[in-house]
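Using the sequences provided together with the hints, build the complete structure.
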Amino acid sequence: MDIQSCVTIINEWDIVAARQLGRNVAKELGFGTVDQARITTAISELARNIYLYAGKGQICIDKLNENGKVGLRINAADSGPGISEIRQVMEDGYSTSGGLGAGLPGVKRLMDQFDIDSSPGNGTKIIATKWLR
Amino acid sequence: MVEAERLKEYFLENADRIAHQWLDVIENDIRSLTGRISSSFFKELSKDTKQTIDIISKCIDPKCDEQIENWAERFGENRISMDIPIYQVMEHFRALRTITSDWQGAFLKHDPSVTGITAHQLGSEINQTIDEMIAIFIKKYTKLTRQRLHDQQQVIDELSTPIISITDGVAVLPIVGDIDTHRAKVLMEKALQESSNKNVNCLIIDLSGVLIVDTMVAQELFKIISSLELTGVKVSLTGMRPELAQSVTSLGIRFDDINMFNSLSQALKLYGIRQR
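Those protein sequences? They're chains A and B, same order as listed.
The first sequence begins at 1 in my numbering and counts up one residue at a time.
The second sequence begins at 1001 in my numbering and counts up one residue at a time.
Read the hints as simulated data drawn from the structure, not as lab findings.
Each hint should be verified, as a subset may be incorrect.
Cut-off 30 Å, straight-line C-alpha distance, at most; resulting in silico cross-link-like pairs (DSSO-like, lysine-lysine) [said to hold, decoys possible]: (1) Lys108/A with Lys125/A; (2) Lys1140/B with Lys1008/B; (3) Lys1143/B with Lys56/A; (4) Lys27/A with Lys56/A; (5) Lys1140/B with Lys1198/B; (6) Lys1063/B with Lys1185/B; (7) Lys1050/B with Lys1109/B; (8) Lys56/A with Lys1223/B; (9) Lys1109/B with Lys1063/B; (10) Lys56/A with Lys1140/B; (11) Lys1223/B with Lys1269/B; (12) Lys1223/B with Lys108/A; (13) Lys1050/B with Lys1185/B; (14) Lys1139/B with Lys56/A; (15) Lys1139/B with Lys1058/B; (16) Lys108/A with Lys1185/B; (17) Lys1043/B with Lys1198/B; (18) Lys1008/B with Lys1063/B; (19) Lys1109/B with Lys1143/B; (20) Lys1185/B with Lys1223/B; (21) Lys56/A with Lys1185/B.
Here's what the structure looks like:
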């Protein structure tokens, strides 16, 4: 049983592949349908951001087991332009692509834990975790 | 070059045997992977292998690009329709190189007057022909595979937007599965066109088959709805799954200005369609 599987994001079909991977892992870990939908949506948002802003990146899904707690971790990483104002992008309604601007704050709400590490010229790394209740 | 002529003749004389040898390798390989080979399939393979050896022999001197193009077209099509993966075909080409190399060796024994340098040159010519064949074959194979994917995508697009007229001006558009940007574009075009063709003034878009909506998809959906409303079509959404609703709310996507109904039957009741 693999602990981590990854999908490289270069074109739109890769977003679908990342979603499928996430959905399958979530199912395997025993997440209910609502949480499966949340996790898959979060992955879709993160993968799409990579596709739109960085051009290329990676989504890795980790199975977690910490002190008996089972969880799923999404690792989204890219070497794109990076985000200069993290606070701004975490605000609802802020968008640089004419979109709904709900992406990152939305992902934060969909998952239990959310961490973002990004700066101009250094790419972006986002880690989001959901625990099985 | 005189020696080239002699090699060409030697190969052509033995073409059947060479082809048969190669065919054996191919046949065993395919059989070991897929089990059985139908007789029509086998006939095609035999024709192919014979033609390949013919070309290699004739193209020893001079070059024959046009013949290779024609060969590649058939060879490629056959491999695709027989579902033989490209890596397997590459293995077959590798076997071909070994076999032709052995036969070159046999020719040199048969005709010991050929100098080392000439032998090397002849060998090089044959290898170049094989390489040319591989390159053109890969081009054709890729082109045909792309074409097939494109055709399949078209089938998916067509399956994708059934606008079903229910009654006077009321129609239903059930959406099933993931909506990516390409599909959203197709949906938009077809929804607008069909609504106009079928004189739809109320379109009910049913989302019960949709599992995932991310912010981009939601945006595409809103664009479609806005466009339809601009052409005088009133749009209602029905059947959003509870899981979907939860994700959508978390993402902060709002469906404020849109008529939402729990289910298709609820929406239809509004238009006076109910079970008698």
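Cross-check of the supplied hints:
no., hint, verdict
1, Lys108/A with Lys125/A, "holds, 14 Å"
2, Lys1140/B with Lys1008/B, "holds, 27 Å"
3, Lys1143/B with Lys56/A, "holds, 26 Å"
4, Lys27/A with Lys56/A, "holds, 27 Å"
5, Lys1140/B with Lys1198/B, "violated, 43 Å"
6, Lys1063/B with Lys1185/B, "violated, 48 Å"
7, Lys1050/B with Lys1109/B, "holds, 24 Å"
8, Lys56/A with Lys1223/B, "holds, 27 Å"
9, Lys1109/B with Lys1063/B, "holds, 26 Å"
10, Lys56/A with Lys1140/B, "holds, 29 Å"
11, Lys1223/B with Lys1269/B, "holds, 26 Å"
12, Lys1223/B with Lys108/A, "holds, 26 Å"
13, Lys1050/B with Lys1185/B, "violated, 48 Å"
14, Lys1139/B with Lys56/A, "holds, 27 Å"
15, Lys1139/B with Lys1058/B, "holds, 22 Å"
16, Lys108/A with Lys1185/B, "holds, 29 Å"
17, Lys1043/B with Lys1198/B, "violated, 52 Å"
18, Lys1008/B with Lys1063/B, "holds, 13 Å"
19, Lys1109/B with Lys1143/B, "violated, 42 Å"
20, Lys1185/B with Lys1223/B, "holds, 10 Å"
21, Lys56/A with Lys1185/B, "holds, 23 Å"
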